[in-house]
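Residue numbers (the UniProt record's numbering): 1 to 189.
Derived by calculation from the structure, the hints in this document are not laboratory data. Errors might be hidden in some of the hints.
[Claimed, not checked] In the DSS-like style, the derived pairs of lysine-lysine whose C-alpha atoms are separated by at most 30 angstroms in a straight line are:
1. K12 / K83
2. K26 / K88
3. K62 / K26
4. K83 / K6
5. K6 / K18
6. K83 / K4
7. K12 / K26
8. K18 / K88
9. K83 / K18
10. K12 / K88
11. K4 / K17
12. K62 / K4
13. K88 / K17
14. K12 / K62
15. K6 / K62
16. K18 / K4
17. K4 / K88
18. K18 / K62
19. K6 / K88
20. K17 / K6
Keep in mind the model is a prediction, meaning the values are calculated, not measured.
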Amino acid sequence: MNQKQKQLLYEKLLIEKKNIETQSNKNEHFGLEQSMNESIGELSGYDNHPADIGSEMFEREKDIALQDANEHHQIEIEEALMKMEQGKYGICEVCHQPISDERLEAIPWARTCVDHVEQRGRDHHTRPIEEEVLSEIDWQNSGGEDAWERVEEYGTSNPPDFFRNGTNYQRLTVEADEHEDYESFEDRL
Numbered sequence: 001m002n003q004k005q006k007q008l009l010y011e012k013l014l015i016e017k018k019n020i021e022t023q024s025n026k027n028e029h030f031g032l033e034q035s036m037n038e039s040i041g042e043l044s045g046y047d048n049h050p051a052d053i054g055s056e057m058f059e060r061e062k063d064i065a066l067q068d069a070n071e072h073h074q075i076e077i078e079e080a081l082m083k084m085e086q087g088k089y090g091i092c093e094v095c096h097q098p099i100s101d102e103r104l105e106a107i108p109w110a111r112t113c114v115d116h117v118e119q120r121g122r123d124h125h126t127r128p129i130e131e132e133v134l135s136e137i138d139w140q141n142s143g144g145e146d147a148w149e150r151v152e153e154y155g156t157s158n159p160p161d162f163f164r165n166g167t168n169y170q171r172l173t174v175e176a177d178e179h180e181d182y183e184s185f186e187d188r189l
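Let the sequences and hints guide you as you build the complete structure.
In structure tokens form, the structure reads like this:
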């Protein structure tokens with residue numbers, strides 16, 4: 001790759017970086033500078049059923065994903081510009097061979113040659129952080145009642161007067177008496 005081609009790619013990267021910054025500012029960072037309640041005109045989200053703001057939540061999640069994609073793309077461009085300044089631009093990060101001129105013209109921020117695109121994608125595939133702490137559930141040995149018993153202690157949207165004959169929040173579970181001490185039964189006699 002000659003110096004003129006590198007200069008054209010450098011300018012192309014600068015234009016792409018400027019476009020991303022302009023788009024982000026024009027979209028007001030996808031509306032993420034406001035809280036969700038402010039963006040939908042609600043004073044409080046607590047009094048709404050989750051389904052009432054389902055569409056708004058979906059749009060908010062989409063905006064977060066779009067902003068993340070823009071930030072990731074901007075980082076790729078900045079790294080390509082830095083590599084140009086260091087004289088390391090156009091070298092595959094996997095095999096350390098030159099990336100073809102055609103690929104760099106199409107994708108100036110490319111980090112790998114065509115042969116290693118999929119390998120790099122697998123190596124840098126991200127999953128939600130929650131998956132690191134989740135354990136796999138044995139659904140064959142876990143009945144529906146067991147699942148309910150695990151989560152019922154966190155409550156429902158029903159207050160005590162709507163749920164069975166409960167009079168307080170401590171007595172709402174299916175087996176509320178199961179774990180009581182012996183002394184507590186004497187108090188009832």
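Hints breached by this structure: 2, 12, 15
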